[in-house]
Structure formats: structure tokens, C-alpha cells
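Residue numbers (my numbering), protein chains in the order written: chain W, 8 to 287; chain G, 928 to 1101.
To be clear, the hints were calculated from the coordinates, so they are not data collected in a lab.
Just so it is clear, the structure is predicted and the values come from calculations on it, not from any experiment.
Check each hint, because a few of them may be wrong.
From chain G, some residues computed to sit far from chain W (all C-beta separations above 10 Å) [unchecked claim]:
id : residue
1  : Asp-941
2  : Thr-944
3  : Gly-953
4  : Pro-979
5  : Glu-1034
6  : Ala-1037
7  : Ser-1038
8  : Val-1040
9  : Glu-1075
Using C-beta positions, here's what the derived DEER-type ranges look like [what the hints assert, rightly or not]:
id : chain 1 : residue 1 : chain 2 : residue 2 : range
10 : G       : Thr-932   : W       : Glu-286   : 47 to 57 Å
11 : W       : Met-8     : G       : Lys-1062  : 55 to 65 Å
12 : G       : Gly-982   : W       : Gln-40    : 33 to 43 Å
Covered stretches of chain G (in silico footprint by chain W; criterion: 3 or more residues with CB under 8 Å from a CB of chain W, positions within the stretch not fixed) [stated by the list, open to error]:
id : region
13 : 980-991
14 : 997-1005
15 : 1021-1031
16 : 1047-1054
All C-beta atoms, glycine included, are put in the ideal place defined by N, C-alpha and C.
Listed below, chain by chain, are the residues.
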Amino acid sequence: MRTIHTDEIEKTVYELARRACLRLTPACTAALQKAKDGEEQGSAAAFALDTVLRNADTAVCENMPVCQDTGYTVILAEIGQDVRIEGKFLGDAVNDAVRRAYEDFCFRKSICDPLTRVNTADNTPAALHTEIVPGKTIRLTFLPKGFGSENMSRLYMLTPAKGVKGIVDSVVETVRLAGSKPCPPVYVGVGIGGTFDTCAFLAKKALTRDVGSHNPREDVAAIEKECLAKINALGIGAQGFGGQTTALGVACEIAPTHIAGLPVAVNIQCHCVRCEKAEI
Amino acid sequence: MKKITLPLNQEDIDALTAGESVLLTGTILTGRDCAHKRIFEMLDRGEKLPFPLAGETIYYAGPCPAPAGKVCGSCGPTTSARMDSFAPRLLDLGLKGMIGKGERSEEVCASIVKNRAVYFAAIGGAGALYGNAVKKSELVAFPDLLSEAVYRFEIENFPCIVAIDSRGGNIYKR
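Here chain W stands alone, though its shape is the one from the complex (with noise of 0.2 Å):
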């Protein structure tokens, strides 16, 4: 048994958050400035994502949010079962941190009552996901959801008889209503399979996956594959001005449905990829 103190994970928390609002992963950058020198010069979406890259400099040397959407806080937490947790109750170390981190670097507090819309004022609570996992380390994942690209998601009920067909067309719907309103160039998160709740639960999991990166499994890579490049035909481009980039990359997660089901969730994020990951 290994005993962590709740002031560390605090701690790692707090650390977290500066980092996640602060920058784009490194794949997201990449895979921005790809897309970038894929448009044509002058044109609408080169303007875009070029304002987009340049944006992502400015933040880093002005110590500022890359977006003003700081999102709702989701942490993973990846408990190992050869640890014991002392100090405060977990949840709370983690809104502490939450809370501590929003007001110091000057985040923006998005969270509020759903009927009357009353602002929490500090960003709490966090959507705090815990799972037990072998080992004796716990593993933090830190991912501000921004929520023009949450409101573009969708989650589908299909029948098993509409197989892979059907998993391809309900991720390239979602991406086409979804429109110029999400901020594309997109990321998409895909649950396959599941329950209802573990299904969306497994699309967000997904958008923790670094931007290029392939699941394992040869054929759901291929499911990747398949809706990236039927995403892109769309054209809907950056921020909805037209070109060959709407989608910076899929990435599907799966696990095991009922006979009577197959359950696809969608989970649009905009172009600002942040995610920001440590083990204690």
C-alpha cells in the first residue's frame, strides 16, 4: 500500500490547470500548421488558422488563456488500487484546486446553475471521473472543455444492423450539423459501444488521445481512418469558410455493447486541443 496525501494531488491539480488553459498539446499545434499549409494562400481558412497559430503564440508569451473558454473542468483520475488517499475528502482537493487555479491565473468562470443560470463564480464543480486501476500511482488527466463544440454533440442509439456503415455516417452527420459552429478544424471523440452513459463516458476519453494517434485495434483505426476522410470532404474548412481541413483528427474508443445494441457518441472538440497529463 502506498500512501498519497490530497495536498500533492491539490497540488498537481493546480499545475495542471495552468498548463491545459495556457497552451495547445503539441500534436494540436502540429497538426494545425499542417492544415494550415494544406489551404490555399489568401484564402479564408488560411487567414483563419493562421490567426489561430498566431493566437497560440501570443498566449504563451503574454501568460494568457489561448481561449477565453476555459471550459468545464473534466479530470480523469486513475486511481491505482494499491493506493491509500489521505488528508481531505478527493473531490474536494480537486475543486479546491480548481477553484485556487481559476482565480489565480485569471481563468474565466463558466459554471452555473442550469434552471437559474446563477454563476458558481469558480468554476466548480469539476466533472470529476474516477476509476480504479491496477498499480500503486494515480494518474491525473486534466482536460478544460470548452462548450461551443460540447453543444455540437450527439449520441446515437443505433441497432446492430447498421453496423460500422452506421457508426461512420452518425460521426459524419454530427460534424456536418455541427456546421462552422464548434470551431473547426475539429477534433471528434467517438464512443462505440457501451451503455448510454459509459458510451459518451468512452467519447470523451477519446478527446484525451493525442491528435494523430491511432487506436490499436486495426479496425476501429480504420473507423478512424474512414471518418476522417469522409470529415474532410464535407469542406466546411476553419471556422466554416470553406477548405480541406473541418476535422484535425478521429478518435475512436470502444468497448463492449448488448446484443440488442450498438451505441455511438460523439464528442465535438474545437480546434483549441488542450490536455494536460501527470502521475503521481
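Use these hints to put chain G onto chain W, whose structure you have.
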């Protein structure tokens, strides 16, 4: 790149064509979901708005708080479509320009033409760049809405694309 001064004048608006890039300099108001709801509630009650809309340009945005030594925090555009149900009435009241991101409804497009107004697309996700282009910021209304409050900004060289022009030209329709 074409330079446009705000508040907009009709001559400049009429000369804008969908697809061209522009640099905006001058004053704008910010306003997004909750501020629009408040504005509508006030109008429905027959109250006078704390800021006149005639001739104004509204920026659909909710900034990050300003760090020490800065006028404004990160402040890129939010998705305009969420303000579609509000825009035609505000355009009828004299609003001349909107800045946001993404396509608009048919009703908004028609209202832009009817009112000879314009819709600019700022580049979504470029929050740091736009925040730095804000040279002055003043809270105008609804402070309890925090980042969703209405601010008056003085902006300088704000890069945008003309998305929907006063004749109905539309970059999202290809």
C-alpha cells in the same frame, strides 16, 4: 487589409463584401446569452436600456478576467447561433454590426439585409490575440453576470472576416 472604424457608418457597411478580411478599430459592446435575455426582459417591460443600441456593434463574447497590468483577459468570440433568436429585434432597434463566430439563421440573414447591417466573423479560439487588441474596457451593465456582463471595449486592429454583408452575401453559403 481593409481598416474599418467603429461605430460603423452606412457607407462603410455598404462597401463590405462577404469573404473579405478587415481590421476593426473603435468601440463595441459585449453581450452574450444572459445579457441578451436581460435586454429582452427590459424591452418587454418597456424599460429604457442602460446603453443605446442605435448604430452599435455587439461582440458575442465573455472575457476572462484581466490579469494585473492588462486591460482585458482572453476574449475570443462565442457561437453566434445562440443569439439568433434575439438578433432581429435588436437590429430593428438600430444595431448595425455583430461580431461572433459561425453561421446565422435565415431570419438573422434576412434581418441583416432589411436593416442594411453586417455580421463579422472573428476567429474562434484566438482569445489571447483578441484580448490584447482591447485597449480600454468599461463595465456598462449587469455586473452580476460576471463574464457575461455588458462591457464597452475600445478595440484596435481586431482581425475579422466579413461573414454576412448588407446585401445578403454569406461566406457560409457556398
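Hints, verified against the model:
1. Asp-941: holds (21 Å)
2. Thr-944: About 12 Å separates Thr-944 (chain G) from the closest Cβ of chain W, which puts it past 10 Å; holds.
3. Gly-953: Check passes; 20 Å lies beyond 10 Å.
4. Pro-979: holds (26 Å)
5. Glu-1034: Its Cβ never comes within 10 Å of chain W, the nearest being 16 Å, so this holds.
6. Ala-1037: Correct as stated: the minimum Cβ-Cβ distance to chain W is 19 Å, above 10 Å.
7. Ser-1038: Correct as stated: the minimum Cβ-Cβ distance to chain W is 19 Å, above 10 Å.
8. Val-1040: holds (19 Å)
9. Glu-1075: violated (8 Å)
10. G:Thr-932 to W:Glu-286: 47 to 57 Å: holds (53 Å)
11. W:Met-8 to G:Lys-1062: 55 to 65 Å: holds (57 Å)
12. G:Gly-982 to W:Gln-40: 33 to 43 Å: holds (41 Å)
13. 980-991: holds (count 4)
14. 997-1005: Holds, because 6 residues of the region 997-1005 of chain G bring their Cβ atoms closer than 8 Å to Cβ atoms of chain W.
15. 1021-1031: holds (count 3)
16. 1047-1054: Check passed, 6 qualifying residues.
Consistency note: the structure conflicts with earlier hint 9 alone.
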